[in-house]
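Protein chains: 2
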Amino acid sequence: MSFDQLSTTALFIGIAMALAVIAMLYAWVLNRKLLKIAVTHERIDEIGNYIYEGAMAFMRRQYRIIFYFAIVVATVLALTELIPTLRGSEGVGWRSAIAFLFGALFSGLAGWAGMITAIKANSRTAQAANEAGMPAALRVAFSGGSVMGLSVVGLSLFGLAGLFFTFYFLFGGNSGDPTTQYIAMVNAVHTVAGYGLGASLIALFSRVGGGIFTKAADVGADLVGKVEAGIPEDDARNPAVIADNVGDNVGDVAGLGSDLTESYIGSIISALTLGIYAFVHINPADILTGGVLITNEDFAGIMRSVLFPLMVAGAGVLAAILAVAFIRLRDWLRPQRALAISTYVAVAFTMLATLIFSLLMFEGLRAWGVFGAVGIGLLVGLAIGFIAEYYTSNDYKHVRDIAEQSTTGHATNIIAGFGVGMQSTFLSVVALVSGIVISYLLTGDMYGIALAAVGMLSTAGITISVDAYGPIADNAGGIAQMSHLDEDVRKVTDKLDSVGNTTAAIGKGFAIGSAALTSIGLFFAFEKAAGLSAVDILEPGVIVGVFLGGMLPFLFSSLVIKSVGRAASKMIEEVRRQFQADPGIMAGTSLPDYAACVDISTKAALKEMILPAMLAVFTPIIAGLTLGAQGLAGLLVGALVSSIMLAVFMANAGGAWDNAKKYIEEGHLGGKGSDAHKAAVTGDTVGDPFKDTAGPSLDILIKLMSIVSLIIVPVVISIEPLLHFLFK
Amino acid sequence: MSFDQLSTTALFIGIAMALAVIAMLYAWVLNRKLLKIAVTHERIDEIGNYIYEGAMAFMRRQYRIIFYFAIVVATVLALTELIPTLRGSEGVGWRSAIAFLFGALFSGLAGWAGMITAIKANSRTAQAANEAGMPAALRVAFSGGSVMGLSVVGLSLFGLAGLFFTFYFLFGGNSGDPTTQYIAMVNAVHTVAGYGLGASLIALFSRVGGGIFTKAADVGADLVGKVEAGIPEDDARNPAVIADNVGDNVGDVAGLGSDLTESYIGSIISALTLGIYAFVHINPADILTGGVLITNEDFAGIMRSVLFPLMVAGAGVLAAILAVAFIRLRDWLRPQRALAISTYVAVAFTMLATLIFSLLMFEGLRAWGVFGAVGIGLLVGLAIGFIAEYYTSNDYKHVRDIAEQSTTGHATNIIAGFGVGMQSTFLSVVALVSGIVISYLLTGDMYGIALAAVGMLSTAGITISVDAYGPIADNAGGIAQMSHLDEDVRKVTDKLDSVGNTTAAIGKGFAIGSAALTSIGLFFAFEKAAGLSAVDILEPGVIVGVFLGGMLPFLFSSLVIKSVGRAASKMIEEVRRQFQADPGIMAGTSLPDYAACVDISTKAALKEMILPAMLAVFTPIIAGLTLGAQGLAGLLVGALVSSIMLAVFMANAGGAWDNAKKYIEEGHLGGKGSDAHKAAVTGDTVGDPFKDTAGPSLDILIKLMSIVSLIIVPVVISIEPLLHFLFK
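Protein chains in written order, with our numbering: chain A, 1144 to 1871; chain B, 1144 to 1871.
So here's chain A without its partners, still in its complex pose (with noise of 0.2 angstroms):
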């Protein structure tokens, strides 16, 4: 590669970019092809555009707020450039407003197009499986989440790529004089890191908003609908019933696609961080002071392990593209077995593609150095994803457990529950860490975790598809149910539905293990951007920002929690109303106000996400100014390792809790209406916020607290010297 190194920097640039162009293409035609079924059945259209005007008012009125933080980061980034001590610092300033600009349009596009495709997709499979059968209801559902999924892959490593090229290129990169280049590089790198700001607002309104939404719809439903009125799930009579679904549409899809999205770019851009101290042997501060020149074959190497990382991504698009059509081209009766196989024929791709790309790109035993990080990767992520299925799932002791302690009364359901997740963040942290630790005896460095990390989420593609797809079959059963379809209708989508279980408790695992390792990778990023040699637990700056970083997580899911509990009274008290205004509701005789229900629950999690988001956001911030870049390096360790634990944790005891009841409701131990069966309901009711609102949410809190430590470096930095006098 050193015959002409802006040639081929665009030809590797080039080769990912057109990958995932290939993708949003193939998600264009995908989305085109499902919004030309019509929805012939009426009640079924009636239903399914009720849900879709639901998310649609939420949505407009979430990017609309979006809208205007938007503008107000991107110009408190931009007026950085006027601080006078930080001219000169490329990673804020104006450049990094733009690159935050695209990173929350391009993923808020695709957050947008893959949620409208969701939602179209609910009634549509539920018409396919009133009208032709598993196979051909499977195929709907699987391309509503393809869609998201592919869009996600597509529009975000476009994005990246282009800006990244185009920073570098702007920034000298063409100039054919190495030093310059590398300059060039480590600039375009430190830039592209608002690229992933963008992301993270887009992800922390859909996922802690979303969150909220979802559970205060959910358990507004529940309580009043099944519990006072005395009708079932999914009853149109249910005013809160469109809101809910809106709701798994808003939570599952936009909120798990967006932290999910949010982790894909957080971990390339910690990998093209740390590729550029990669070669150890290099100080790139003296490179740019301008003391040291680095030579050609030195800046080679260096741009290899920065253009690595985006090979990955771009060999894990191509393998969501193949493993979409693979599932595509026959007919699936077991659903189950569907989404498996495309989940391994997109890691076995993966695999061969970064296989290839590393002996292309390395030699000797880097190449196997890096492709063996990669596929440490997607190993952990595998493994992770497997160890929530175990404490989850009601095929193993650990459900089955909580079950039978259920028939002792609540209390022992909620201390079986939490004594299971407790236990399960045992195999979690070990897999995390074996994958930190070998990833790094691998390459010799900390590029070797961001490597991992890339690994795990270049399957983010396809993990979306899946993921998306739970929603779409839950929605279609309920849409089935409120159409009064036939009973063998509803066994069709239950199948679809059972299956969605699973996926989902995967699903958050795999979104925990991921925003745990692109956190570490962002954090090890932040450390090198910070210049930190070392970061030292015994100066007490450190050990209180550890304790209080410790801290922050508890604090942030109480509020989370706590807004749910506001947010689902206030629904609450709507549906009771409803009821009491008008008595047609409950005959059937006249319709509910969906759109009312949809309202509070929009505005509820518009306004309670405030608080924890400030806390996520102007902590770091906070830390960062008064504790200096190593007591913020401190916090953001604490708040790590407390929002892993808690996050397994709560999403392991809230999925365990969930399975338990319905293990129950399976006919075991007393089945539904028995005293255990209640128990198990108070279990799930509990795991709720657990599950999709405080762990999910916590996801997002470690990497945005990383993100915003990465971009605020020059700013620390300029501003540590006044505080040494303190802890020094």
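Heads up, a few of these hints could be off.
Note that the list lumps identical chains together, so a pair holds whenever it fits in one copy or between two copies.
Dumping the calculated SDA-like pairs for lysine to any residue here, alpha-carbon to alpha-carbon at most 25 angstroms [said to hold, decoys possible]:
| hint | residue 1 | residue 2 |
| --- | --- | --- |
| 1 | Lys1750 | Thr1551 |
| 2 | Lys1821 | Ser1712 |
| 3 | Lys1815 | Thr1151 |
| 4 | Lys1821 | Val1370 |
| 5 | Lys1369 | Thr1550 |
| 6 | Lys1634 | Ile1374 |
| 7 | Lys1540 | Glu1716 |
| 8 | Lys1540 | Ala1483 |
| 9 | Lys1369 | Gly1813 |
| 10 | Lys1821 | Thr1551 |
| 11 | Lys1713 | Thr1550 |
| 12 | Lys1540 | Lys1750 |
| 13 | Lys1821 | Ile1765 |
| 14 | Lys1369 | Asp1631 |
What the hints contain is simulated information worked out from the structure, not anything from laboratory work.
With the hints as your guide, set chain B onto chain A.
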């Protein structure tokens, strides 16, 4: 102090030991006075004897196992003498083994004496309430608690100071040469760390075993007696009622007492260790290797730093004696007032005496710095207690919120309690972190943090007295109930008991805060002893340690919680069996087999604690041997952060649920028997193992891990070079 180092040292040590002897004598006098009261009421005597025999059965079996354990640990410690590389490095070896045995013996003696007195005080308090009313009953109950408090601080300080001086003398403290004397002091300090390990062994058994004992008995007695058989609490027909009362003594008196004893000794040991390093311009390693000689003046400064914590502890002992004597001076009608005043008297006197010692031993700003650090510790101890009260007392909004949320069901009660517990970490951590920062700034080094811990725990004498008072009052009420005493008597014991609930919440907060500060002190002592100049989070070995450490408390808690579940099931079976086998029990014509229930709790407690105990002891050893000193430091930090958060969360959530139930039982929101009450009972039951077993056990976990790490330093350092090839 420069005229004659040895005699000055002897003088100060002598003062501390003399004060300790006075405390022990006073405890002995109080004990004699208490035992002189004859229990003349036949029924009270009978019930009292059942409890006494049950407790003795448990204590005997527990102490027998502790004895074997102690032999094994002492042998292992002594055998490290044989490892060639370790020869010459003091801190392990047969001297440590002796210190360890003394620590176990003295802590065990204090616990044993305190327990017997407390149990004897149970029935005597009930009798005093019956015969003489409030002031007399309060006097008996408070005396019972004071014996525990005074024995603990007296024996602990006497043993520690005596052992330290003996080793100092044996190592060459009488040589007259400051360098030799300095080395003697360093070795003496490192050797007496074994004394702390001895206290930790007792605490481990008393806190974890006691916690499992008490909750197994409590849940068993409640679920079968109250719920299934419909008999009231503290009904003599319930076979588990004696086990339940024994559990209160075992868990709350011996458990909490041993927890604070461990903190008390640990904090002094950490301050002794850091005292050696308090003179930053001298590098101890240079002196130990013989490269640098120490001046008489420098040595005098270091000696003052090492002796000062013993003087603060002595001040605390004297303060406790005065506070107890002050309370006994007059008759109190309001127990709340008496207990509060005793604490304030003790705090005020400790401050005064510490000020005198500070001005006597240090000059200029340094005197005010060390005094301030001790004072900050006292303040943080009070603050953490108040924060615990704020979140768990039904005088404030949080508990009322939980009560309010109980009206909508079991799940909302659980979620609300969960939210309150998590939120309470915020203020607690802020208080703790403020204490760390301010005490550090006041002395300019870690020594200040250790002094803050010593300051906080200098009130252990009175804190333990007040805490042990609670279960004595509680059990007096139970005995009054079982002995069918007058309604009026029950009112007196209820009033005595109601204060006990507040002191219990404050005591738990104090136990966590002191465990945290002690562990932090021990952690810094560990790194100084290991000669670590920095613990770099950016090292993979350290970050791996942090993650594994952060996970440990979750795993540990899940094990403990599951243990309680299993033990409670066995108890439930036994109580059911007895009711079925002999209908005369329910009719009141035949006596239940109380001993069988005590036996079940005893066996379960001792068996179920093995796995968590192994985890606490072996994890630091394994981490030290595989990850080295740096990785072990990471493990300790991770465990510290997670443990503090979880312990605060569990203690406060549990306390809040408990008082929310009591608030409803007072007649609010529907009162006893309402649906809200049922939901609140669920919360209380969930909270029981949180606040009385898992939460407090975490206090032990972090202290035990820290002291084990401190002890194994010589081994870890010898082995570390072997591991460098992996992570360096």
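Results for each hint:
Within a single copy, lysine 1750 and threonine 1551 get their C-alpha atoms only as close as 40 angstroms, which misses the 25 angstroms cut-off; across copies the closest is 24 angstroms, which meets it. Within a single copy, lysine 1821 and serine 1712 get their C-alpha atoms as close as 21 angstroms, and across copies as close as 20 angstroms, so both meet the 25 angstroms cut-off. Taking the closest pair of Cα atoms, lysine 1815 and threonine 1151 never come within 25 angstroms of each other, the shortest separation being 65 angstroms inside a single copy and 78 angstroms across copies. Taking the shortest alpha-carbon separations for lysine 1821 and valine 1370, both the intra-copy value of 11 angstroms and the inter-copy value of 17 angstroms come in at or below 25 angstroms.
For the identical chains of this complex, lysine 1369 and threonine 1550 are neighbours both inside a copy (22 angstroms) and across copies (17 angstroms), given an alpha-carbon limit of 25 angstroms. Taking the shortest Cα distances, lysine 1634 and isoleucine 1374 sit within 25 angstroms of each other inside one copy (20 angstroms), while across copies they are farther apart (49 angstroms). Taking CA atoms no more than 25 angstroms apart as the test, lysine 1540 paired with glutamate 1716 passes between copies only; the shortest distance there is 22 angstroms, against 39 angstroms inside one copy. For a Cα distance limit of 25 angstroms, the shortest separation of lysine 1540 from alanine 1483 inside one copy, 23 angstroms, qualifies, whereas the shortest one across copies, 50 angstroms, does not.
Proximity of lysine 1369 to glycine 1813 under the C-alpha cut-off of 25 angstroms is found in both arrangements, the shortest distances being 20 angstroms within a copy and 24 angstroms between copies. In this assembly of identical chains, the alpha carbons of lysine 1821 and threonine 1551 lie at most 25 angstroms apart whether taken from the same copy (11 angstroms) or from different copies (14 angstroms). With identical chains, the CA atoms of lysine 1713 and threonine 1550 are at most 25 angstroms apart between copies only, with a shortest distance of 16 angstroms across copies and 32 angstroms within one. Within a single copy, lysine 1540 and lysine 1750 get their C-alpha atoms only as close as 41 angstroms, which misses the 25 angstroms cut-off; across copies the closest is 23 angstroms, which meets it.
For the identical chains of this complex, lysine 1821 and isoleucine 1765 are neighbours neither inside a copy (46 angstroms) nor across copies (44 angstroms), given an alpha-carbon limit of 25 angstroms. For a Cα distance limit of 25 angstroms, the shortest separation of lysine 1369 from aspartate 1631 inside one copy, 23 angstroms, qualifies, whereas the shortest one across copies, 48 angstroms, does not.
The structure shown violates the earlier hints numbered 3 and 13.
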